[in-house]
Structure formats: C-alpha cells, structure tokens
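Based on the provided sequences and hints, a complete structural model is requested.
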Amino acid sequence: MRDCPVAERKFFTPSLTKTQRGFVKSETPAQLKRLIQYVKHWKTSMIKVKSPPSSYSFELLAIYLWQQDGKPQTFKIENGLRRVMEQLADYQSIKVEFFEYYNHNMHQRHIGPHIIDPVNPFSNVLDVSNSDWSAVALNARNYLKQAEMRNATSRFCDL
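Residue numbers (this note's numbering): 158 to 316.
Everything labelled a hint here was simulated from the structure, so no lab data went into it.
Treat the hints with caution; some may be incorrect.
[Said to hold, decoys possible] Restricting the straight-line Cα-Cα distance to at most 20 Å, the calculated cross-link-like pairs of lysine to aspartate or glutamate (EDC-like) are: (1) Lys197 / Glu184; (2) Lys228 / Glu184; (3) Lys205 / Asp289; (4) Lys190 / Asp226; (5) Lys200 / Glu257.
If you're wondering where the values come from, they're calculated on a predicted model, not measured in any experiment.
In structure tokens:
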C-alpha cells in the first residue's frame, strides 16, 4: 500500500473489513459494546447531514478513549459517553492511532485531526473533507448540556 499513489490507497479498505470487524470485536468488553451502541444510536438519531461521518470512526474513538483510560472492564455508561462527547465536541483535537496490525515503520505523519484505521495505516477515518464533523461537534456540545451529563465524569471510571 505504501508504494501506491495516495489517491489509490483508499481502494484497499474494502478488502480489510473483516479484519476491521475483528479488531472492534476483540477490543470490546460488554460494557464498551453498550457504549458504542449508544454512541452509534446518538449519531443516527441526531446527526442529520448529507455527509455524516462513518460509524466506524465513532467505534474507533470510543475504543481509543477507553484504552487511554486503562481499559476498565466496568464503568458508568454516562462517564464513557461524556468522554466520547467531549472529544467529539472538540473534533479538531482528535489524534488517534493504533499499532495492533502494523508496525511503527508504516507510520506516517498526520497533520490535523485524525483517526487512523487500525488495519490500514494510510486511511484516516476522520476525514474532515468528506464528512460534516462540525455538525457532530455542535450536537455533541448540546448533548453535554443535558441533565444526565451534569454528574458524569469525563473518564471511564470503574463502577
């Protein structure tokens, strides 16, 4: 993939979907699966734009934030949701990379916000040129103002 022109690298992604699903399944205990389902439901019901970001980008963000907070097996959904929503509200600062399926030698420098696909180091699933992330940020900021978010912390905390 590295030797292909940049514009052609995206065509490798469909052949990697089985591995992508495997990554998501292997990294998700039951509580995290529930959080991901909730975030995807929120996205589907709240983000009404012509070019919404992919659900996969939301899954990867939730997994990354969970990993950063120590991979707790149990946590309050509200806390995980707050953590994800805060990051979505500030999508310009998102910088997510995984190295489970490729080594650091394949790493590229990424400028600006990015969520690098864990199975394709050349694919930024947070592509601001193809998706309306500003609508996501606005909806996330509004969601954070709701009553159920007031007492939530912005870390995945054990119950």
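Restraint check for Lys205 with Asp289, where alpha carbons must lie at most 20 Å apart: holds (10 Å)
Lys190 paired with Asp226 [C-alpha distance capped at 20 Å]: With Cα atoms ~16 Å apart, Lys190 and Asp226 stay inside 20 Å; holds.
Given hint Glu184 paired with Lys197 - CA-CA distance at most 20 Å: holds (17 Å)
Hinted pair Lys200 and Glu257, Cα distance within 20 Å: violated (27 Å)
Proposed proximity, Glu184 with Lys228 (alpha carbon, max 20 Å): holds (9 Å)
Hint 5 from the earlier list is the only one contradicted by this structure; the remaining hints agree with it.
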